[in-house]
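Chain residues, written in single-letter form:
Protein chains: 2
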Amino acid sequence: MAEYIAPIQRLIEEFRRLPGVGAKTAARYAFATLELTDEQTARFADAITAIKRDVHRCPICFSLSVSCEMCEICASEDRDTSVICVVEDAKDVMVMERVRGYKGVYHVLGGALSPIDNITAQDLTFAELVDRVKSTEVREVIIATNPTPGGDTTAAYLARILEPYEVRVSRLAYGIPVGGDIEYADEVTLSRAMEGRRFF
Amino acid sequence: MAEYIAPIQRLIEEFRRLPGVGAKTAARYAFATLELTDEQTARFADAITAIKRDVHRCPICFSLSVSCEMCEICASEDRDTSVICVVEDAKDVMVMERVRGYKGVYHVLGGALSPIDNITAQDLTFAELVDRVKSTEVREVIIATNPTPGGDTTAAYLARILEPYEVRVSRLAYGIPVGGDIEYADEVTLSRAMEGRRFF
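Residue numbers (this note's numbering), protein chains in the order written: chain D, 30 to 229; chain P, 30 to 229.
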């Protein structure tokens, strides 16, 4: 049902690709875009193009990086590379970085194990994590997967595959609401969860 | 506080221009954009650019048009140009068009009178509406401004400036929405529904 003129309808359909955006919200966004100045829409369009062009994966931790080389955290000399915090997604790195106290590095799995969605160990960066543990001096791996069934399975799997190595494996304490998402946790909760981490 | 790498932060700030989008929603949208394919982001960026380039105002009714000339409704031979429905915004035209029965034309004011926001009669297309009423054969003007203080003021003002001309001026009925429940209707709506009651 094309209710709007073509250029508006087209933009509405693009906005609908965004998470949680239905037809009415998308229409609201499209009309708001129409109210922007030419310069503002040019900047908006360019920012969308730039995000694909300028964002890369760090070859070490798989977090997001502005260059094709190491990310800022892996490249930093102030970080303790003997502690690796394992997260599901790259955005979780940015969330964890708000916890000022943490000085270790990260490892982004690229998701959580999920038989329903057909995500198996091969789809995630477990092998690369094991390589890091084997080839560099790692004292501790802190598992910061989400407190969801998928995150729990992933944490248990990680604890098992890291067992043969001389490394302490811990997981963030509950403090993050069960069934929630790390992305939405506040800094204090995250910081408490960090302090109270339990060793396997 | 730049928590994310620059290209992501930049897109987050662009998304925050959209109505009702805060920092967290904008971040969610930015990460979702990152997951799109190159082709999809190119189409998204292009749709934003296109909306400013391809959408114009109809010189007669000020509704949106894909050309610099008359909009589809004003150009159509099937529309009754002697009935003008006056709305606040261009998007209201599209909403009214869902009412299948209406065969008249439109006039977009470009907002409602609002002393607080400094919107006076000069900022809206009242003069152009009066010109249309004077120069063409208009039988009826249906005021479809919103049932808000601003819309009410605008409707009253319109009724007064159209008084000197041979034209019937009406306004959309207020009442309980179809499918609604009297129990949940507010007092003002109920009182208006009472006033506008129809006799069998």
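Derived from the structure by calculation, the hints contain no laboratory data.
The model shown is predicted, which means the values in this text are computed figures rather than measured ones.
No residue lacks a Cβ here, since even glycine has one placed at the ideal position from N, Cα and C.
Please note that the accuracy of each hint is not assured.
[Unchecked claim] Covered stretches of chain D, going by a simulated chain P footprint (3 or more residues, C-beta under 8 Å): (1) 103 to 109; (2) 142 to 155; (3) 161 to 169; (4) 178 to 192.
[As the list claims (entries may be wrong)] With a cut-off of at most 30 Å between alpha-carbon atoms, the simulated DSS-like pairs for lysine-lysine come out as follows: (5) P:K163 / P:K132; (6) D:K81 / D:K53; (7) P:K163 / D:K132; (8) P:K163 / D:K53; (9) P:K81 / P:K120; (10) P:K81 / P:K53; (11) P:K132 / D:K53; (12) P:K53 / P:K163; (13) D:K81 / P:K163; (14) D:K81 / P:K132; (15) P:K120 / D:K53.
Verification of the hints:
Counting residues of the stretch 103 to 109 of chain D whose CB falls under 8 Å from any CB of chain P gives 0; the rule of at least 3 is not met. Check on the stretch 142 to 155 of chain D: 0 of its residues sit with their Cβ under 8 Å from a Cβ of chain P, so the three-residue criterion for coverage is violated. For a cut-off of 8 Å, the count of residues in the stretch 161 to 169 of chain D with a CB near a CB of chain P stands at 0, and the three-residue condition is violated. Requiring three or more residues with a Cβ within less than 8 Å of a Cβ of chain P, the coverage given for the stretch 178 to 192 of chain D is violated, as only 0 such residues are present.
A hinted pair counts as satisfied when its Cα atoms are at most 30 Å apart, and K163 (chain P) with K132 (chain P) qualifies at roughly 21 Å. The straight-line distance between the Cα atoms of K81 (chain D) and K53 (chain D) is roughly 27 Å, inside the 30 Å bound, and the hint therefore holds. In summary, the hint linking K163 (chain P) to K132 (chain D) is not supported, as the alpha carbons are separated by about 75 Å, beyond the 30 Å threshold. Between K163 (chain P) and K53 (chain D), the direct Cα distance comes to roughly 37 Å. Violation of the 30 Å bound is thereby established for this hinted pair.
Proximity of K81 (chain P) to K120 (chain P) is assessed by CA-CA distance (about 16 Å); at most 30 Å being required, the pair is judged to hold. Under the criterion of a C-alpha separation no larger than 30 Å, the hint pairing K81 (chain P) with K53 (chain P) is consistent with the structure, at around 27 Å. Distance restraint check for K132 (chain P) and K53 (chain D): the Cα-Cα separation of roughly 25 Å lies within the 30 Å cut-off, and the hinted pair is therefore satisfied. Distance hint between K53 (chain P) and K163 (chain P) is unfulfilled; the C-alpha atoms sit about 52 Å from each other, more than 30 Å.
Simply put, K81 (chain D) and K163 (chain P) have alpha-carbon atoms about 55 Å apart, too far for the 30 Å limit, and the pair is violated. A distance of roughly 47 Å separates the Cα atoms of K81 (chain D) and K132 (chain P); the hinted pair therefore is violated under the 30 Å criterion. Using a Cα cut-off of 30 Å, the hinted pair K120 (chain P) and K53 (chain D) holds, with the two alpha carbons roughly 12 Å apart.
Hints 1, 2, 3, 4, 7, 8, 12, 13 and 14 from the list above are not met by this structure, while the remaining hints are.
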